[in-house]
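Asks: Residues per chain, in single letters:
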Amino acid sequence: MSTTLELSLPTPAASATPAPSRSYWRVVGRQLRRDPMALAAGLVLLLIVGAAVLAPWLAPADPYKASMLKRLLPIGSPGFLLGSDELGRDMLSRLMHGGRLSLLMGVVPVLAAFGIGTAIGLLAGYVGGRLNMVIMRVLDVFYAFPSVLLAVAISGALGPGMSNSLIALTLVFVPQVVRVAESVTTQVRQLDYIEAARMSGASAFSIIRVHVLGNVLGPVFVYATGLLSVSMILASGLSFLGLGVKPPEPEWGLMLNTLRSAIYVNPWIAALPGALIFITSIAFNLLADSVRSAMDIRR
Amino acid sequence: MSAPLVSLQDLSVQFCGHRKASALNAVNIELGAGEVLGLLGESGSGKSVTLRTLLRLHPERTTKIQGKMQVDGQDVLALKGRALDLYRGGTVSMVFQEPGLAFDPVYTIGQQITEAIRAHEAVGEAAARAQALHMLERVQIPQARRRFDAYPHELSGGMRQRAMIALALACKPKLLLADEPTTALDATVQIQVLLLLRELQRETGMSVIFVTHDIGAAVEVADRIAVMYAGRIVEQAAVGDIVRAPRHPYTVGLLAATVGAEHRGQPLQAVPGAPPDLAALPPGCSFAPRCTHASERCRREVPPLTSLGNRAVACWHPVQPVAEAA
Amino acid sequence: MNSAPLPPSPVHDRGSPAQPLLVVRDLKKHFPVRGGPLERTKKFVHAVDGVSFSVPKGKTLGIVGESGCGKSTTARLIARLMQADSGSMVFDGEGVDEFGGIRLKEFRRNLQMVFQDSFASLNPRLTIAETIAYGPRVHGMPAAEAKRQAHDLLARVGLAPAQFASRYPHELSGGQRQRVNIARALAFDPRLVILDEAVAALDKSVQAQVLNLLQELKAERQLTYLFISHDLHVVHYISDYVMVMYLGQVVETGPVERIYGQAAHPYTRALLSAVPSMDPDRRTESSPLAGDPPNPINPPSGCRFRDRCPHAHPVCEARTPALIGIAGEPAHQAACHLNDPASGHPGALPETQA
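Chains as they are written, first to last, in the working numbering: chain A, 26 to 324; chain B, 240 to 565; chain C, 767 to 1120.
What the hints contain is simulated information worked out from the structure, not anything from laboratory work. Virtual Cβ for every residue (Gly too), placed ideally from N, Cα, C. Heads up, some of the hints might be wrong.
What the hints assert, rightly or not - Where chain A lies over chain C, by a calculated footprint (3+ residues, C-beta under 8 Å): (1) 867 to 876; (2) 884 to 892; (3) 1072 to 1083.
Okay, chain A solo, but in the shape it has when bound (with noise of 0.2 Å):
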């Protein structure tokens, strides 16, 4: 066996470490761990996600509960941390509270339009020709309109409520999901190691299963979390305009609305949701670029 000896000789890349765990994941996680920018989005988002989710038990006063002699106080008033709203409410309270709502608004339609988006993306990439062209086609009417005035006509016509703005955003979504996962499934496709796996007799979807979902899933993913952000703008927008949550619910977008009058009389009180939707997006979108190089192993 002549060829069997020579190649336990030192090779490019690799051999000096042990490599303890192989997997996948794991070597992601470890490269994201390693990224000092990825380390403090995840910190900020898991403040935000924290204080939302223990909001009703860490939450200072009650989000509901007006008062009209301490109406617009300023940041660091006694018992009021981050100031009252024009109601008289507790503005840390509230903006804890509202996270709740603002997150789900967020994460939700994304999660939908990456489930959904994902399998007729997969389905129209993969068998292509004339079923690719006329899902294609359909999407192309949707991309036709700005996503916003698309999100507004959706939940205008479903009528207003939140469950009516989740199902107008997971729409909106959906094409720009479908792109994605059509064009890198496209592409995965014709790479010879789906040609061997055909050679290999595999079923259809086994073939998707192992070999091209597994490849098309980290693209889209890494673009599904850049829609995070724009989510929760889009959903504070439709709050804005009242077409998602109704008042009194505490939501970040929906109190920007409120707020809007009065920020000539404390214009940092104004400030604060918009505050919190920016830090909440643009860390989102550190992450997420974080995550697009670290799933890219190769390098």
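Put chains B and C on the given structure of chain A with help from the hints.
Replies: Same frame as chain A, now just chains B and C:
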């Protein structure tokens, strides 16, 4: 040869960006006017890096260059701004492996050559166009007048490579760098381009550095061959001496691995293993881990390129020429 | 590797040893070219245009030709990665995917392919052991057994399993990845392996290692190779028979010594003399052919090589030369009027031998 046209002294290139790698390690090359040097090596041997360094094409921020590099009396590492622009394309120009990528797809071949001429010479539009057309004729493009107005994608691979050579020679460079110019071409086209390069070199008297992994192609055009391995020159000699009596074990292995009719029915003498990782070169001779002659000294000390008769070899235990008599 | 014998393939050698392992008849594939919206007539790339050949058992058939000659398309048609427009195949005496013949799935098991791009042909998200085990798993092999088999195959192709099995493709060198691709092909215990430029992207020193491995495996497992390459040296080294293609057609085919020694087609001769000489004192002085291979969209009528052929004659335009046996050497066939005394080409050899 009084002063060589090209002189590289202890040239080292390190990439220190995303990935670290010692791409060139103390390379010395001297090339006289009108000489053709073949740089022979496998992927990662540093042959293309040498060419790109000669044109200063590496991003300065992530590249560390040490040593001296003189071309036509100019210190290339000190060139800046306009002088560098004139040097690139004027004194030295390059032919790439993929002519499809080296041309801008939105301009015609003629426009691009004309523009290159006008960038380097103070000539009018009409004169530059005439010169460009003449260049296309010189590289033996049939129906040059029609091809002048063709877009790169309208030409076949061989024609594109000829046009690329016309572009490179348009400003009469003293040194032509050819980076695997025939690798992407079909066999019958490859030989045409090799013959063309040889002919143009003879006509213009320019010097050429011809980078290739194919010994056959190097033998067709080069006067001298420098064999590179892991960023170092391991052997340098006249073409005939390299092919007939290689002294460095790597050159010997490379020639033995070049398949020929005489090997039919028997296993090839393959060099075991794979080239080293440029980020972590062994302390001694880079070829030692794959070498059958390697000794303790080879693993400890880097052998310098020393002259041995009419050639230079970087090896502690050069192969005796008799070994290759068969 | 006798530690763990591979499961014997259920079908082995049905025909006699003299029965060719694969016979291909009149394979055709034309790709439509998308023209402008105003173009009425549809154009076609004649990628493979009536290719017929056979591969004897245990031999290697080398297919050579320049880009656009259809050699890779032929491989894909045989592997059924692409549907042929017409043509038929017989595998060891049985029609492929025909009534009463060998079923497609069975045929696929017996035929595997190794591609040129060692990186693109491996799933970047699977370890190499997973990649090799995937095929057998699909066919119902238990996970543990498939894993053990993958380790054995890795050891056989020269990659120590303890060191390599759990690596990802990007952690290997090109030569190592190509070994993995070979191991994957062997996991089915195939009888025919199509090597589509399988060593073309490798460095010379590594290429020799892989060629040696292929030769060893062939002897060990009685494999038959279809070796597609543009490298005439490598084809000469590894092939028993050689087939030369030009613009989607076979122009010459025969035993390797005949093709390299007494090529009968002007194109074959040109191709062979275009190889750079290795002797600096005897450099090539003139190019055997001018110009590039023509576009296969509109191949010339008659003989497709006539535009570039130094012996072209009006008869070459009028009549398409058939692939016929050279006098006295029926295994050596060429499609050129020069070899057919009845063709009417003035340069044709007179009928000397019976």
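Asks: Next step is simple, just say for each hint if it's right about the structure.
Replies: How the hints compare with the structure:
1. 867 to 876: holds (count 3)
2. 884 to 892: With 7 residues close enough to chain A, the hint holds.
3. 1072 to 1083: violated (count 0)
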